[in-house]
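Novice: Protein sequences appear in the order of chains U and F. If you use the working numbering, the first sequence corresponds to residues 312 to 609, in order. If you use the working numbering, the second sequence corresponds to residues 27 to 232, in order.
Honestly, the hints are just simulated from the structure, not real lab data. Where hints are given, some of them may not hold.
Stated by the list, open to error - Taking lysine to any residue and the SDA-like style, the derived pairs with C-alpha atoms no more than 25 angstroms apart in a straight line are: (1) F:Lys50 with U:Leu388; (2) F:Lys112 with U:Ile394; (3) F:Lys125 with U:Ile323; (4) F:Lys112 with U:Leu388; (5) F:Lys53 with U:Asn383.
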Amino acid sequence: MAAGFAFALSEISLVLFTTLAPSGAVAFALMGAPLHRGALDAYARERISKLLCIPLIVTMVGLVASATHLGNPDNALYVIAGIGRSPLSTEVAGAVVFLALAGVFWLLTFARRFPLAAQRAWLGVAQLAAVVFVGTVAFAYWQETIATWHLWEASAALCLNSLVGGPLLALFGLRAAKAPVSEAFAKGLLVTAGVALAVNIAVYALQCIDLAAMRNAMASVSDLAPGFPAFVAAFAVLCAAGCVLSARAGKTPAVGDGPVGRGICRMLVMSGGGCLMAFAGIFLMRFAFYATHMTVGL
Amino acid sequence: MTQYAFYFDSTRCTGCRTCEMACKDYKDSSEGIHFRKVYDYEGGTCSMDDDGQFSSQAFVYHMSLGCQHCNDPACVQVCPTGAMHKDAETGLVSVDEGKCIGCGYCAMACPYNVPTVDRTAGHSVKCDGCAERVAEGKNPICVDACPLRALEFGPLEDISGMGEVADIAPLPPAHYTGPNLIIKATPDAQPATDATGIVANPVEVM
Ligand code: SF4
Ligand code: SF4
Ligand code: SF4
């Protein structure tokens, strides 16, 4: 097996974390967006709020996965010591702040009294924390001595990944909540995912060109991660299929559509399947990212 | 602070690995983990002229590496817990096992392939410059073990006149981390930016 693939396999929990958590955070921010609208009735508001647990769970699964790669989680509190110096500490802080704000918001929506203005303000801050968190993940490995990761394309690609997976997951959540969001909003989410995918593929193409010339005394990137362009092709196909599947799932149901019927089941299966395909594509590229790990020296 | 440094005479080293084995024995490191590693750097070509005579531009030399206890250590910079730290008195870089979470970022960031996460122990391990021996006024074990006297250790001011700051292949250019490794280079030595050679024993050192 290529040395890079073996390295990526040993870091597979980080591959999973960086696949799920950024998309989960963006999905939370997007799915919460309709809650800022005045026209939403209380019942719809409640359903969306409750099902914000979907992107939250996706983010949490990623975070738990990342913790399993630690040798000694007992010392995790010391991570605070590195905030501002170590980009990894900054990332952990970003994750904790986002999950605390988003998690408490979700819990408070069960409270009998949570005034609308307060809800909106809290949600707004949590949405902002989601964006900041994605930024901290994108720059978690921004380190000059790791030549292959110290590329703008690597950080841009992670952000774009979250703009492909996030909108699809948000749409799935809104559909599951039978949220009466406008068709324009649903289309907007799909267009965001599609445009982000196109830009993401272009960024990966540029990254391929940069990586092709890179080597150190131990190996070249093509030894470490052979077939990087094939990974990009598989990513493009899987994510495009995910977008198409989600787009063809049908119109988002509205309240009076009655109990969960076969039509809605089909929609959720297609929409969920679309998310899974996009996540599979993103997972492949995150695997390829770890496989390219190479320092400026040995 | 007295910054300590290693000296490596690349004109003497035969690549015998005695330093590596002495370190492994003394530090009792886990299976597959070496705090000191010897790299074989090879490259160049042989060519035949019109008379059928061969001439060689091939080169091979060895590089024995523990930690460089760098001035600007990448491992310390990225460590989220502060477990990887540079001693204020000696400038030696080591891991505080009571703080390390075993995330492996130090291993990813060090351009000298020095720290490793010992999965059984659950934390990062690396060359600590035999700090406890240095405190007793002794040399590190690897230095005393070298049969060719190719390794020395001491305060940087005593060592620095013996050669140049490490800037030859297969090492990274010195400006990245400021290594406290002084090298007397063999005539075969290539610059750190060399792209003609390759580490010939990657399986052994990775
Ligand atoms: S050689 Fe590597 S481990 Fe040692 S101080 Fe420098 S960066 Fe850190
Ligand atoms: S493995 Fe330990 S010493 Fe290395 S960066 Fe992580 S916490 Fe720091
Ligand atoms: S100084 Fe000590 S720990 Fe470091 S390589 Fe030498 S013997 Fe091993």
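Novice: Each hint needs a verdict: does it hold in this structure or not?
Specialist: Here is how each hint holds up against the structure:
1. F:Lys50 with U:Leu388: 32 angstroms, violated
2. F:Lys112 with U:Ile394: Since the Cα atoms of F:Lys112 and U:Ile394 sit roughly 18 angstroms apart, the hinted pair holds (cutoff 25 angstroms).
3. F:Lys125 with U:Ile323: 24 angstroms, holds
4. F:Lys112 with U:Leu388: 21 angstroms, holds
5. F:Lys53 with U:Asn383: OK: F:Lys53 and U:Asn383 at ~21 angstroms, within 25 angstroms.
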